[in-house]
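Chemist: Residue numbers 20 to 279, in the working numbering, belong to the letters of the sequence shown in order.
Source of the hints: derived by calculation from the structure; they are not laboratory data. Incorrect hints may appear among the rest.
Said to hold, decoys possible - Listed next, the in silico DSS-like pairs over lysine-lysine satisfying Cα-Cα at most 25 Å (straight line): (1) Lys171 to Lys46; (2) Lys116 to Lys195; (3) Lys195 to Lys49; (4) Lys234 to Lys210; (5) Lys116 to Lys171; (6) Lys51 to Lys197; (7) Lys209 to Lys195; (8) Lys169 to Lys116; (9) Lys214 to Lys171; (10) Lys103 to Lys116; (11) Lys116 to Lys49; (12) Lys209 to Lys171; (13) Lys188 to Lys209.
What the hints assert, rightly or not - Beta-carbon label-pair distances, calculated as ranges: (14) Lys116 to Ile44: 32 to 38 Å; (15) Tyr68 to Ile109: 16 to 22 Å; (16) Lys117 to Asp205: 15 to 21 Å; (17) Lys245 to Tyr131: 43 to 49 Å; (18) Arg134 to Asn229: 19 to 25 Å; (19) Arg243 to Lys92: 30 to 36 Å; (20) Glu156 to Glu69: 38 to 44 Å; (21) Arg70 to Lys195: 30 to 36 Å; (22) Tyr68 to Lys103: 21 to 27 Å.
All of these numbers come straight from a predicted model, not from anything done at the bench. Glycine residues also receive a C-beta, built at the ideal position from the N, C-alpha and C atoms.
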Amino acid sequence: MKASEEENTPISTEVLLQNGFTSIITKDFKSKDIDLFRSLIYLIGRNPYERNVFTERKIRELADFSPRNYDPKTFDIYITEVLKKIAQSIFISDNEKKLQVLPLFSYLEYDYEERCLTAEANINLINYLDIKKKRKEFFALNISVNNQLKNKYAKLLLPQLERWQSIGKLTLSVQKLKELMSVDEDYVNKKFMQKIIIPAVNELKPHFKNLKVEKLKDGRTISRLKFTFTPIQRISDQKQRQLGAPNTINDAIFNFIDQI
Numbered sequence: 020m021k022a023s024e025e026e027n028t029p030i031s032t033e034v035l036l037q038n039g040f041t042s043i044i045t046k047d048f049k050s051k052d053i054d055l056f057r058s059l060i061y062l063i064g065r066n067p068y069e070r071n072v073f074t075e076r077k078i079r080e081l082a083d084f085s086p087r088n089y090d091p092k093t094f095d096i097y098i099t100e101v102l103k104k105i106a107q108s109i110f111i112s113d114n115e116k117k118l119q120v121l122p123l124f125s126y127l128e129y130d131y132e133e134r135c136l137t138a139e140a141n142i143n144l145i146n147y148l149d150i151k152k153k154r155k156e157f158f159a160l161n162i163s164v165n166n167q168l169k170n171k172y173a174k175l176l177l178p179q180l181e182r183w184q185s186i187g188k189l190t191l192s193v194q195k196l197k198e199l200m201s202v203d204e205d206y207v208n209k210k211f212m213q214k215i216i217i218p219a220v221n222e223l224k225p226h227f228k229n230l231k232v233e234k235l236k237d238g239r240t241i242s243r244l245k246f247t248f249t250p251i252q253r254i255s256d257q258k259q260r261q262l263g264a265p266n267t268i269n270d271a272i273f274n275f276i277d278q279i
């Protein structure tokens, strides 16, 4: 897709991704870094078979860069620093048959003169980006909600809850949550709740109705956290058929959103 064409493409706020994308570790990422990272994931999710070219305007729009006091040189420095972090991100698929460790991107380029970003998904990830055959293993990433959040840990908790939005319940070990949020394993559980989990949950409450978190203990130690909220139903198979048997569920959700 050419940059000029991409510039005029209307933005849908959701894309469906394989569940493994909820477990990508974003160590050393700041809140704004996560915005750009998720925006790139969102965009290659929409166009997994193409080399995507994103203009400066599109990047700023998707990553929610404020136009106030905008400085192009500062923007350049920021983008290059974040891309170096993103380049180290990996996708891990671990099941009974095999373990796969895959780089997310086969190509990342930022042009200082044109101020455009080119990104191409790793071809080995296509089976995880094109959800035609694995629809039960996918969740809806809402980039709009992600970019409304200010708290870094709310952003990191968001896809975990999105993955279970049709169930309305998620239980994770404290150890796993610390790993997903890039928090040291020896960080005291009480502080982990007070400084990280509670603020994240509070910011996510407007986006997940009746969101609550419950501490589950083994003896006197908090070992797991249970998140509950009012479930949201996904697009039904019947609705997908009404949309004209799309090639992928990505197509279905974009068509469905356009009809709302």
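Chemist: All hints are to be evaluated individually against the structure, with a verdict given for each.
Modeler: Evaluation of the provided hints:
For the hint pairing Lys171 with Lys46, the CA-to-CA distance comes to about 11 Å; that is within 25 Å, so the pair holds. The suggested pairing of Lys116 with Lys195 holds, with an alpha-carbon distance near 22 Å, which does not exceed 25 Å. Annotation: proposed proximity of Lys195 to Lys49 holds, straight-line Cα distance about 20 Å (limit 25 Å). At most 25 Å may separate the alpha-carbon atoms for a hinted pair to count; Lys234 and Lys210 meet this at roughly 13 Å.
A distance of roughly 34 Å separates the Cα atoms of Lys116 and Lys171; the hinted pair therefore is violated under the 25 Å criterion. For the proposed pair Lys51 and Lys197, the alpha carbon gap of about 20 Å is at most 25 Å, so the pair holds. A threshold of 25 Å between alpha carbons decides the hint, and for Lys209 with Lys195 the separation of about 16 Å falls inside it, so the pair holds. Restraint check: the Cα-Cα separation between Lys169 and Lys116 comes to about 39 Å, which exceeds 25 Å; the hinted pair is violated.
With a C-alpha separation of about 12 Å, the suggested pairing of Lys214 with Lys171 holds against the 25 Å cut-off. Taking the CA atoms of Lys103 and Lys116, the gap is about 32 Å. The hint is violated against a cut of 25 Å. For the hint linking Lys116 to Lys49, the alpha-carbon distance of about 35 Å lies beyond 25 Å, and the restraint is violated. Distance restraint check for Lys209 and Lys171: the Cα-Cα separation of roughly 19 Å lies within the 25 Å cut-off, and the hinted pair is therefore satisfied.
The suggested pairing of Lys188 with Lys209 holds, with an alpha-carbon distance near 22 Å, which does not exceed 25 Å. Here the CB-CB span from Lys116 to Ile44 is close to 23 Å, at odds with the stated 32 to 38 Å. Judged by the Cβ atoms, the range 16 to 22 Å given for Tyr68 and Ile109 holds: they are separated by roughly 21 Å. At about 32 Å, the CB distance of Lys117 to Asp205 disagrees with the hint of 15 to 21 Å.
A hinted range of 43 to 49 Å for the beta carbons of Lys245 and Tyr131 is consistent with their spacing of about 48 Å. Checked against the hint of 19 to 25 Å, the C-beta distance between Arg134 and Asn229 comes to roughly 43 Å, which is inconsistent with it. Take Arg243 and Lys92: their Cβ atoms lie about 47 Å apart, and the range 30 to 36 Å is violated. Roughly 23 Å separates the CB atoms of Glu156 and Glu69, a value that falls outside the hinted 38 to 44 Å.
Between Arg70 and Lys195 the Cβ separation comes to about 35 Å, which falls inside the hinted range of 30 to 36 Å. For the pair Tyr68 and Lys103, the beta carbons lie near 26 Å from each other, so the given range of 21 to 27 Å is met.
In summary, the numbered hints that this structure violates are 5, 8, 10, 11, 14, 16, 18, 19 and 20.
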